[in-house]
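Each residue of the sequence shown is one higher than the one before, counting from 1 in the numbering used here.
By construction, these hints were calculated from the structure, which means they are not laboratory data. Warning: the hint list may mix true and false statements.
Claimed, not checked - Under the rule of at most 25 Å between Cα atoms (straight-line distance), these lysine-lysine pairs were calculated in the BS3-like manner:
| no. | residue 1 | residue 2 |
| --- | --- | --- |
| 1 | Lys160 | Lys71 |
| 2 | Lys47 | Lys106 |
| 3 | Lys106 | Lys93 |
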Amino acid sequence: MEKYFTLPVLLILSIFSSCQNEEDTLPPFPSTVLGTWEMVGFNDYLKLDYVTSFQFDADGTYTYSSTLREKDSDLDLGFNFLETGTFRAGSEKNLIRLARTDFLHKPYGAEKQFYAKEELDKGFVEPNSEYPLRFEIRDNGNTFFIPGGIVGGDVIVPDKLFDRRK
């Protein structure tokens, strides 16, 4: 009698344990993205480097920013924008989900090219929302690639290549 009771119970338990949500079994984030990633270009008009960067920390927080620097310098002169939030693994291998907690930007009608963090205006942040970020880690872990594409049916967004900084 006990055999007949044990078998159905084990069968039911195995069915329920195999029905876990895929996102519940994912790690909190992929460790390959941890660190600071920078995309640097030179602005001929300003004679300054413009730097777009992502920083992903082990505590699950991120910073996304745009700054200006003297050519070939590591010292940021100021910000164009600064976004902070949290991130986690998405439902696919090369996908993370970003949840913005703060967004600061240059004042509208800005007269200066860059601003200290304290001078930036606070932007609207949609509460309780996440957005996906597809990526690839390339060149033996030294390049963070974000593929571009067509957004909204008519806007072409270019690919973005960030180099590992730390």
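Here's how the hints hold up against the structure:
1. Lys160 <-> Lys71: Given pair Lys160, Lys71 holds - Cα atoms ~20 Å apart, limit 25 Å.
2. Lys47 <-> Lys106: 20 Å, holds
3. Lys106 <-> Lys93: Violated. Lys106 to Lys93 sits at ~35 Å, over the 25 Å cutoff.
Hint 3 from the list above is the single one not met by this structure.
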